[in-house]
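K.L.:
Protein sequence lines, in the order shown, are assigned to chains C and P.
Our numbering puts the first residue of the first sequence at 1, with every later residue one more than the last.
Our numbering puts the first residue of the second sequence at 212, with every later residue one more than the last.
Check the hints yourself; a few may be wrong.
What the hints assert, rightly or not - Output of the computed footprint for chain C on chain P, the stretches with three or more beta carbons under 8 Å from beta carbons of chain C:
| hint | segment |
| --- | --- |
| 1 | 223-234 |
| 2 | 353-360 |
| 3 | 363-370 |
Since the hints were derived computationally from the structure, they do not count as laboratory data.
The beta carbon of each residue, even a glycine, is placed where N, CA and C say it ideally should be.
Listed here are the chains, written in short residue letters.
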Amino acid sequence: MTDDELQQRLQARDPAASLRPADPTWVARLLEDTMSADLDTHETRDSGTRNRSPLTWLVAAAAVLIAGIGVFGLLTNDPDSAPEPSAGDTPSVSTVPTVTELGAPAPSNAKCMVPNAQTLSQAQVAFSGTVQEVAADVVVLAPDRFYTGEPTDVVEVRSDPALLKALIGSVDFQVDQRYLVSANDGQVTVCGFSGVYSDDLAALYTAAFPG
Amino acid sequence: MPDDVSAAERRTRFEALAPELIEPLRRFLVRRTDPATADDVLADTLLVCWRRLDDVPVDAALPWAYGVARNCLANAQRGSRRQDRLAAKVATVDPPAVTVPGPDAGGGRHEERLEEALAQLTATEAELVRLWAWEQLTPAEIATVLGLTPNAVSIRLHRAREKLKELLRKDGRKDDGGSGHEESREGRAP
Chain C
1 MTDDELQQRL QARDPAASLR PADPTWVARL LEDTMSADLD THETRDSGTR NRSPLTWLVA
61 AAAVLIAGIG VFGLLTNDPD SAPEPSAGDT PSVSTVPTVT ELGAPAPSNA KCMVPNAQTL
121 SQAQVAFSGT VQEVAADVVV LAPDRFYTGE PTDVVEVRSD PALLKALIGS VDFQVDQRYL
181 VSANDGQVTV CGFSGVYSDD LAALYTAAFP G
Chain P
212 MPDDVSAAER RTRFEALAPE LIEPLRRFLV RRTDPATADD VLADTLLVCW RRLDDVPVDA
272 ALPWAYGVAR NCLANAQRGS RRQDRLAAKV ATVDPPAVTV PGPDAGGGRH EERLEEALAQ
332 LTATEAELVR LWAWEQLTPA EIATVLGLTP NAVSIRLHRA REKLKELLRK DGRKDDGGSG
392 HEESREGRAP
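Let the hints inform the model, and build the full structure from the sequences given.
P.N.:
Written out as structure tokens, the structure is:
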């Protein structure tokens, strides 16, 4: 089976295939409710129509008009098939998540020192994050906190498979597990400086990077 | 927050953006939950878009909004109080017609197999496949939705598709009284 055949087969089961376009009045009301929500706090939609100023209603009328035009546009452009997400033809290069790339350290026979905050504080990158993927040549982590280093959306540890395998073995990277990871000169630290998230290790990271 | 002028600008921007998002977001949500939850989550999603209008990427607004919808849906599904309310609403207002497979155009058993195979993928694999097949996004766009790198998406999507094909093949053989021979398969997802 080709990818195209698989895609067609899946599309034949698209639960949204028979979904009719939303009622324009409903859409207009939805937009109006959304824009009347306070920008900083939550407002329930039940209480949203009270105490509304004349300006709001004016904007609502404009929203009805715009939504009407929008729905009209959708219907006239593409009456049969479901309209495709418009982003399909715009490349989204500028929104690619930022990435920190790290490498795996070369194997060494040197003895490990006991992990301590002073040594750890020399790391240029330190973060906690959850492993998204473990492949032969890359481990992908989604960081949730950077202790030091430029915060990015994603951290990738890339190396040739042999080195990475050794690293995965020593840090025990597994998908969906949370880790504390630090790196010196772009290489992930081992010897207990990087590892599965634990209160003890987190305390060490906090001590090494206060504030 | 901003003065009156920028508040008006903000409204103008949102009014230009939102109508383009609503239909794709409705379909996105109907594919993943019951209609009542879909409506609620659509409202939540638009609210986030409204509040975070400055963060909406100009050239990838829809994938970004899908990402927001995905999080809002996860939140909605976490809140059990809310789910109880929705369950009641679903029962009284509307049967979830569009999410239930209707009478088949293409042969029942064949398509049941597809659903079973999809159910055997991990949550992320299934979502990758859905975003590819139903929302028809590129790996870069899927990356925006899921907060992964395009590279990681390409790799994982490829594996997910192969796994799905393999599951369908295996199931097909089983149905045909096949030999039970199992090929070694590459790309088992992590």
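K.L.:
Check each numbered hint against the structure and report the violated ones by number, ascending.
P.N.:
none
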